[in-house]
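My request is simple: use the sequences and hints to build the entire structure.
Order-wise, the sequence lines are chains D and S. Per our numbering: the first sequence = residues 298 to 806. Per our numbering: the second sequence = residues 357 to 1020.
These are computed hints drawn from the structure, not numbers from a lab. Any given hint could turn out to be false.
As the list claims (entries may be wrong) - Cross-link-like lysine-lysine pairs, in silico, DSBU-like; alpha carbons within 35 Å at most:
#1 D:K757 / D:K516
#2 D:K694 / S:K797
#3 S:K617 / S:K943
#4 S:K807 / S:K669
#5 S:K567 / D:K334
#6 S:K673 / S:K643
#7 D:K490 / S:K797
#8 S:K669 / S:K643
#9 D:K774 / D:K565
#10 D:K455 / S:K912
#11 S:K465 / D:K776
#12 D:K805 / S:K530
#13 S:K807 / D:K323
#14 S:K802 / D:K494
#15 S:K869 / S:K912
#16 D:K516 / S:K797
#17 S:K567 / S:K943
#18 S:K802 / D:K455
#19 D:K716 / S:K490
#20 D:K323 / S:K567
#21 S:K567 / S:K455
#22 D:K343 / D:K371
#23 D:K694 / S:K487
#24 D:K757 / D:K805
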Amino acid sequence: MNPILFEVMRNAVEGIPEQMGVSLQKSAFSANIKERKDESCALFGKRGEMIAQAEHIPVHLGAMPSALESVIKKIDMEDGDQIILNDPYSGGTHLPDITVVCPVFRENELIGYVVNRAHHADVGGSTPGSMPGDSTNLDQEGLVIPPTKIMSEGEILKNAMDILKETRDPIQRIGDLNAQIGTNIRGARELNKILDKFGLDTYEEYVSRSLDYSEKRTKEVLDDIPSGVFSSSKNMIWDEQKIPIYVRITVNNSRIMFDFEGTSSQVKGNINAPIPVTLSAIYYVIRCMIPEDIPMNEGVYRPIKVSVPKGSLLNPDPPAAVSAGNVETSQMVVELILDAFREALPDRIPAESQSTMNNVTIGNSRFTYYETIGGGAGAYSSGDGESGVHVHMTNTKNTPVEVLENEYPLRVHRYLLRKRSGGDGLYQGGDGIVREIEVLESSFLSIQSQMRVSGPEGMKGGESGKRGKNMIFIDGKEKELSSNVSLRVKTGQRINIKTPGGGGWGSKD
Amino acid sequence: MGVIKIAPSCFRRYHSSLIISLGITIYVITHSLFKMTVAVDVGGTFTDFVIFDDEIYHFKIPSTPSNPSLAVTEGYPQEDSGEFFHGTTVTTNAMLEGKGVRTVFVTNKGFEDILFIARQDRPRLYDLYVKRQKPPLRPEDIYGIDCRSSAEGEILEDLDRSHVEGIAEDILKKESSAAVCLLHSYKDPELEEKVASILKSAGVHCSLSHKVAPEYREYERGITTFFDAYLRPIVKEYFNDLIEACGIEPYVMKSSGGLEKASTVNPIDTIFSGPAGGVAGGELISKITGIENLITFDMGGTSADMAVILDGKMSWKDHGEVGGFTILSRMVDIATVGAGGGSIAWIDSGGVLRVGPESARSEPGPVCYGRGGDKPTITDALLLAGYIDPEFFLGGKMDLDVTASRNILNNLSDDLGLPLDEVIMGIFRVANSKMARSMKKITVEKGMNPKEFSILAFGGAGPLHAAYLAELLGIKRVLIPPMPGVFSAVGLMTGDLIFDQSRTVLTSLEDKKTIEKTILELGEEMDDGEESVYLGLRYPGQSHHLNLPYGDDVEKRFHREHHRLYGHSNVNSSIEVVKVHVERRRKRDIGSLPVKIEEGEHPPKRECIFPEGVIETRVFYRQRLPLDFESEGPSVIEDINSTILVPPGWIFGVDQNGVVVVNK
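Okay, here's the thing in structure tokens:
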């Protein structure tokens, strides 16, 4: 295929998930999908190979291929079918993320798949929002949907749709799901239009060339990393205990292997990360290392091999709870991998960033407020770390103070950069954030966070950033809370979250 | 002579003569007894003039970015003009280049960093070295005041006058401008007004958030107010220079596509003044041709701007991004793609031909300009394709070096291992496929299919690409307005005078009392005009809203529009009013665009490259095509500052208004 037709086809093919994304954001109900853009759309080939993806949240990178793989394994699909799932043990990540898979046929022949995934506002479980801080079993986190036909011969299956009646707002859920199903139909139609224009043979040649192209360019990047074996270990904190995670990376001959042998076994709490989350963290790091213009498809993943011991924190067996795996453990896995690369690429890897999303949920029977808080990014060899920002696996916006006070019985007393919390150095680590919220109505508070025991490490003589602190003011008295906590808060009490500063880079003198 | 009618007061007759200046044709009115209309659009590369009396003249002169008013005054006619319309990039450039004045930020204590935290997200998802744009605000220039309002607008803690007086003295010493943004001031501005009265009595000039952008969301309102304070003195000075030099106060094109007098316009509302002109002109073309759904496609040297005109109306939004900052201001909804005549073609490390986003800009420009550009661009490719006449570029006033383009593209062809003709067509196709992708996206965003639109193409390069772009999108009709090379300037004189005010209210749609009261209050500060009220509406719990005209059946229309755009609605749900928006419009009497038809021959046929191969192609001069003329592709129609390409299989004609209509 000549390099001109290739580029023309690339614009046409990559446009498919892009248009699906616009359509999904337009037609969905949940604010998570419409505003925070917590959704992804992708196009796959007939063997399940990822061809193009439009995602807004890095944690979906590895999750989409895993979901399709599990559907292909379990279900025979025909023209007009669509399959739904959210089971973290069958290609899901955490329960609010629901994936819908649609096979695409042309003249009775399977030519590929379109898939989309979206974060629903609620899928049942013990707390509104389906992200309980204290879950110990998947069933407490909400409705678990294994790969299930939701559409057959072009008709929505009412029985399957009825499963959603177990959620807190079934009408909204059905609305969101209809939007997801409609988005896939649109994607399938767009793919067929492209085939009308270019023909199946040209399309398939493009697909194969495109994967080879991304593979070739990814290998070029891997070739710039010195060969060798690099390792690192870090600790997650759960229930005041250190939970070790470990990686050994082998770079050799344009290939890369990630082996997590040595990582802790799965735990009783919810910081277990299903394998798609672990994959997403790996793919995120690779994505940051390769040039932006390389099409993100299976070719990028080909030189990557991953081995995670079964039953471990990063590849748990059911029914382990997983709600924080997606939002907390994923951040630490990124820092773990970056740290391992440090030996090979000393000047390219920044000092440690806040490595947490600082998840805060406040609510009662009348309202649920959930948000994640930014912090300090690590400094690097040529610049200061950014302050008060989301890093790595998330990029969701804050809730403005004025929106928060209009919608919830809460009042914000401080929303500031946490001055001097970034590690000192030749280049300064980014500062964390201070957010102090007064509860105006008796409520329940959940916090899921990390980096509360020690702060993000500095590099090359740079100092560490300050550790995060979760504080509560009761009758004017200050009390520090642990990193993962669920408790009652009374009217007038104030919660003060100080997020970690980033590590500094280089010695100041 | 075709149909001539713009503002009837300008319907007069003059002599004109041709002089040459700066290598560019300038028509100058030599004898004047009567008033004329002048439109000036300042762009990054050229400043475009359209001068209209009974005939219409247009020309370009190079912009003078260090002091944009120089180019304007240089080209401005010596004689008195009746009306002066102006589109400017002064505001945007001062913002992007950090050339505003020193500005302090005054806010509630405990919230001093809101402009730095912004919305806590990062601009690039996959970048280990996170960098955000920061406002030009020094840490020592931030003042936190101990005071607080609640979400209901009630004062929880009043301010200490002496503290604010101290701050005022400090600001005075710094000789800086001040921006004041206190929490919930959109609801109750009392505290902000107290601060303002203290600062003002001390002689400090300040911008107040409840005046600049009375919308909730403290970061967006705060940053908009900050840039208002930061840019206001610069922009006002520029307008004053202009008034002095031209002897007349211009009507300035606002980002919203409406016009307002320079003395009253809010500088921050002119942030997208430039591109809005073309879209305003698009509304006129929609009106005179009766074609209601248009995609305006303005492709110049570095980028292409696209906007949707639906049912004859441009679509607008109430905020936009400039240089990494959110600005709350009504603006035409425009999408920009990094593809222009100067976009560079290159081969990536995987061996694939890519076009843009890097551009050769105007300096050094494409290789054929002979100004030191050494990378092949779209313009070089289209010159070799035969579409652009090297002797007639910019109306014949700039010679293009065909040999230089050929040499550079031969290199590219060797590197790709493909014949030269295929590389030329390849650059064209790749650029078109990229723009088609964006165009498709903006129509899907409006809940529409591209097939339901026609393309209105203008700018130097728009009319060259439009037909092939249409083909990619299944669009069957392309329109090219008169004077496509300066159409944004033409659009300036076609806009209505529009005054806008809006405010966040957050109440139920049933709360008519608050809505009516807000409409009255907003109207108090506005000039007269035909009033329209829009409400920003949503279902409770949603975080985005739709802007719909206020009226009896607004409830029904909201459910319907929600269904059209998003595929669902909930007729049983209550509706929340997020904001009230009052617009007063003074309609200007615009008939149709004047058309001047010259007598004379058309150039000979020449060889052009098409996907089908090399074809002897008819060439026309646009100025010599009579109304109702019809012919077919392949044809090249040369206009001053622009070229229209009609591919094989397409036909074209000139309609009663002088619009070239190209049909598949």
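Structure-based check of each hint:
1. D:K757 / D:K516: Distance ~29 Å between D:K757 and D:K516 Cα, so the pair holds.
2. D:K694 / S:K797: This hinted pair holds, its Cα atoms lying about 23 Å apart.
3. S:K617 / S:K943: Cα-Cα ~14 Å, so holds.
4. S:K807 / S:K669: Cα-Cα ~18 Å, so holds.
5. S:K567 / D:K334: It holds: about 31 Å lies between the C-alpha atoms, which stays within 35 Å.
6. S:K673 / S:K643: Given pair S:K673, S:K643 holds - Cα atoms ~22 Å apart, limit 35 Å.
7. D:K490 / S:K797: Holds: D:K490 and S:K797 sit about 16 Å apart, inside 35 Å.
8. S:K669 / S:K643: holds (9 Å)
9. D:K774 / D:K565: Roughly 33 Å separates the two Cα atoms, so the pair holds.
10. D:K455 / S:K912: holds (30 Å)
11. S:K465 / D:K776: Holds. S:K465 to D:K776 sits at ~24 Å (cutoff 35 Å).
12. D:K805 / S:K530: Answer holds: D:K805 to S:K530 is near 32 Å, not above 35 Å.
13. S:K807 / D:K323: holds (20 Å)
14. S:K802 / D:K494: holds (25 Å)
15. S:K869 / S:K912: holds (20 Å)
16. D:K516 / S:K797: Given that 35 Å is the threshold and the Cα spacing comes to 32 Å, the pair holds.
17. S:K567 / S:K943: holds (26 Å)
18. S:K802 / D:K455: holds (31 Å)
19. D:K716 / S:K490: This hinted pair holds, its Cα atoms lying about 17 Å apart.
20. D:K323 / S:K567: holds (32 Å)
21. S:K567 / S:K455: Holds: S:K567 and S:K455 sit about 23 Å apart, inside 35 Å.
22. D:K343 / D:K371: It holds: about 15 Å lies between the C-alpha atoms, which stays within 35 Å.
23. D:K694 / S:K487: Cα-Cα ~16 Å, so holds.
24. D:K757 / D:K805: holds (10 Å)
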